[in-house]
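Line order of the protein sequences matches chains A and B. Residues 104 to 448, numbered by the numbering used here, are exactly what the first sequence covers, in order. Residues 27 to 225, numbered by the numbering used here, are exactly what the second sequence covers, in order.
Please keep in mind that the hints were generated in silico from the structure rather than gathered at the bench. For glycine and all other residues, C-beta sits at the position ideal for the given N, C-alpha and C. Mixed in with the good hints there might be a few duds.
Cβ-Cβ distance ranges computed for the label pairs, FRET-style [unchecked claim]:
hint	chain 1	residue 1	chain 2	residue 2	range
1	B	67	A	357	19 to 29 angstroms
2	A	198	B	110	40 to 50 angstroms
3	B	168	A	380	16 to 26 angstroms
4	B	39	A	357	18 to 28 angstroms
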Amino acid sequence: MQARRGQSSYRDRTEEFFGIVETLRRSTAPDAANNVPYGGGGGGRRDDPRSAVANQSEFKKRAAVIGLAINQTSQKLSKLAQLAKRSSVFDDPTREIQELTAVIKQEISSLNSALIDLQAVRNSHNDERTISRDTTTHSATVVDDLKNRLMDTTKEFKDVLTLRTENMKIHEIRRQRFTSNPSKESTNPFVRQRPLASKPAATQPAPLPWASSSSSSSSSSQLVPRRQGEAESSPLLQQSQQQQQQQMVPLQDTYMESRAEALHNVESTIHELSNIFTQLATMVSQQGEIAIRIDQNMEDTLANVEGAQSQLARYLNSISSNRWLMIKIFFVLIAFLMVFLFFVA
Amino acid sequence: MSITALLVLKCTPDTPNPVILAHAFDFSGFNYFYHPNISEFVRFFGSTVAGRTLPSQRQSVKHKDEVVHSYNRNGLCAVGFMDDRYPVRSAFSLLDQVLDEYQKIFGETWRSAKEVSKQKWPYLVEALEKFKDPAEADKLLKIQMKLDESSIIFHKTIDGLLARGEKLDSLVEKSSDLNKASKMFYKRARKTNTCCTIL
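Next up, chain A with everything else stripped away, as it sits in the complex (with noise of 0.2 angstroms):
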């Protein structure tokens, strides 16, 4: 009775359902693979041509695998993630997580080169017929998701070993401050690839730190050898335990970053010196135009004041000459002046 109660407000499509399947399975038999994680992409696949279709489910087919193998191997890497955070000091289950890391590198690189595969065969497909665009773009939407995924597959990996590192790494700690030998007989297994890397020679290469610091910063592209280079040195270090001096590595880590960091202040310097050198040119500059302004100023100045000094010289002397003409014309007047008086008296 309170199923029925209110408005169904639910279409119910069932039978749209059942006519989409018995299509489906008309067209390619092959299509029951469209039910792994792949996605909605088989709905529109009813409507390619008949000879399209076989290229398409072998495409299908193949991403199909991909995305299966993705999703496991991310169950995987989460099994490694869990089993790095608990690690506690003493019961390292140092050698599952070797394995787990190897297995899960394996499949990583596996997926990557069947990913280029994939993505080889869909330009093939491409080249050998024309198709419709929305073929092109589901396939490349689906190449590119596949990718997507697995790029995130393989960056969780890498924070998982980097996590891991760090957990060594403070077990390091914590064991060297708790045991009262001399740190020989520790472990470094927070070393990436010195052990191999370093020469046995007197002096090591400063850009060693830098190598082996930049490993933890990966490109999208080079994600796969990278993940290698990590997982084949945990492995390795294991044998450093038993090959190579353990004490030396941590102590000329901190000699050759040391050095490297200097260094680096060393280049820094030059830089901020370099750039201080080219303000000071152009500060330079932009005064010696000032100069030149205040020059041109002053000169003009002096022809200014030299010209009104000649013109007052030139209202001098006509004044002074003038002086005459004033005395005649004085006369002059005073000559009418007399006249003028003759009359009147």
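Given chain A, put chain B in place with the hints provided.
Just chain B, lined up with the frame of chain A:
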């Protein structure tokens, strides 16, 4: 910051106790009566640490307020006793230099040495003196310090340049004012000259 002692030892796996090949001491910081004790201590400590240093390995051991740095290179080991304010990197580059010098001068004869050698190596003694200042030993440190000084000087220069710029600006203002004033003067003078007839 001072170096108390520098030692060059031979420590190969076939000799259980390292052999002191050259040494230089500077015990000026210590009481005179303790000198033989300290000399003994330095020898013992130096040979122990050198013996425990594996080839191609650098080590630093802290003992009270002195730090012992040792660097083993193919069986030839250099040990330095410095105080703890001496930067580690300079210490190791100093040991590096000492080893280079030793190999240059003595070649490979040290390999056959079995007994504590009695010869004095004056380079070590003057190295002790010269490298009291860690900047001498470590070129990087020296470069860094010089660069810092240069950058300070540069900053002062830039400040002076800015002040000069301000002065130049005020000068340009004044000169342009002067220019205008002189122009007015000239015009006025010209005007009085030709304009009105004299009355």
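Okay, the hints, checked on the actual structure:
Remark: the range hint 19 to 29 angstroms for residue 67 of chain B to residue 357 of chain A is upheld by a beta-carbon distance near 27 angstroms. For the hinted restraint 40 to 50 angstroms between residue 198 of chain A and residue 110 of chain B, the CB-CB distance of approximately 41 angstroms keeps it satisfied. With their beta carbons about 21 angstroms apart, residue 168 of chain B and residue 380 of chain A fall inside the hinted range of 16 to 26 angstroms. A hinted range of 18 to 28 angstroms holds for the C-beta pair residue 39 of chain B and residue 357 of chain A, which are about 26 angstroms apart.
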